[in-house]
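What follows is each chain in one-letter form.
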Amino acid sequence: MEETTSRSAAVRDGLGVGLAVGLSGIAFGAAAVTAGLSVPQACVLSLLAFTGASQFALTGAVAAGGDLVAATLGALLLGGRNTLYGLRMAELLRVRGPRRLLAAHGVIDETTAVTMAQPTPESARTGFVTTFASLYTAWNLSTLAGAYGTSFLGDPAVLGLDVVGPVAFLAILWPRLAASAELRWLAAGAAAIALCATPFLPAGVPVLLSAVAVLVVLFR
Amino acid sequence: MALWWAIAAVCAGCYALKLAGLAAPRRVLEHPRVRRFAELVPVALLAALIAVQTFTAQGGLSFDPARAAGLGAAVVALLLRAPFLVVLASAAVVTALARMLLG
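As you go down the protein sequences, you meet chains A and B in turn. In terms of full-length UniProt numbering, the first sequence is residues 1 to 220. In terms of full-length UniProt numbering, the second sequence is residues 1 to 103.
Fair warning: there could be bad hints in the mix.
[Unchecked claim] Derived DEER-like restraints, expressed as beta-carbon distance ranges:
#1 B:Arg27 x A:Phe200: 35 to 45 Å
#2 B:Gly60 x A:Gly97: 18 to 28 Å
#3 B:Arg81 x A:Arg99: 21 to 31 Å
#4 B:Trp4 x A:Pro199: 26 to 36 Å
#5 A:Arg94 x B:Met100: 32 to 42 Å
#6 A:Phe219 x B:Trp4: 53 to 63 Å
#7 B:Leu80 x A:Val212: 26 to 36 Å
#8 A:Glu122 x B:Arg27: 19 to 29 Å
#9 A:Pro199 x B:Leu97: 49 to 59 Å
#10 A:Pro175 x B:Val34: 16 to 26 Å
#11 B:His31 x A:Tyr148: 37 to 47 Å
#12 A:Pro40 x B:Gly72: 31 to 41 Å
#13 A:Leu153 x B:His31: 24 to 34 Å
[As the list claims (entries may be wrong)] One-sided excerpt, in silico: chain A residues whose CB lies under 7 Å from chain B:
#14 Arg7
#15 Thr51
#16 Leu73
#17 Leu76
#18 Thr83
#19 Ala90
#20 Leu92
#21 Pro166
#22 Ala181
[As the list claims (entries may be wrong)] Negatives, chain A to chain B, calculated, CB over 12 Å:
#23 Thr5
#24 Asp13
#25 Ser24
#26 Ala117
#27 Ala133
No lab work stands behind these hints: they were computed from the structure. For clarity, every value in this text was computed on a predicted model and none was experimentally measured. Don't be surprised by glycine CBs; every beta carbon is placed ideally from N, CA and C.
Just chain A, with the same shape it has in the complex (with noise of 0.2 Å):
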């Protein structure tokens, strides 16, 4: 009785991050549209990327025009902390073989934090395939939603929609700044030295550059 409860509540946590969040691909599919993708190109990242800071930074330093391999790089870099998720997922999920390739697609941000606040290895795995499976299904169909409406306006910052992609970024990031102050300390420094760095190397290379204030933090 109780591990029915603890996993129907894991079904209702999983359907709310997922139907909730997954409506922000139309924020992607907007800002990737007037970053310059095409709508299949927005619909592919948002299909088999399926991460969006790395969907948002990648489009955000294509509309910047800054260097493509140094965009792909920050995209990358961002992804990294997915492999963080998985380490400590692998315990929780337990998969093999084919349902692993399968399962690995959906470690990310939201399925990791519902999967870990669950209760029971049970309800953690079925907090895991609802999140996974309402999350991909609302996120895909969003960024179609908006990369498609956003491709029949002939300027979409008439809209303000290239704001967008770096409030999105600060909304991701806000809890963690609200409740550490060396993580502001740190954003801080990071931001300053990428626009310090800005007027003298290739678009995308300041935004790695900044990965040399976390240096500083750890091994100071």
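Starting from the known structure of chain A, arrange chain B on it as the hints suggest.
For chain B alone, coordinates are given in the frame of chain A:
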């Protein structure tokens, strides 16, 4: 075409990074520096992206008052604990209005 290659690299790379985590031996995580690095890198990169996308244009520093106003609106919405989509929408609306008013 070059953009498609970048997209393919990001898709393949992001998947490989996810799979590496699920498939890696457990002791990798037990190193406290790895854990700490994982926590800090996204914060630095996201903060840098916010700064660059808000305050630079065409490879130089630039101040767009409308975009800055949108970012300010987002901060207010976040302080009021607004949901994610409300934060994005208020930033876009304020940016659009500021552009209209400032011409």
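Taking the earlier hints as the rules, which of them does this structure contradict? 2, 3, 5, 6, 9, 13, 14, 16, 20, 22 and 25
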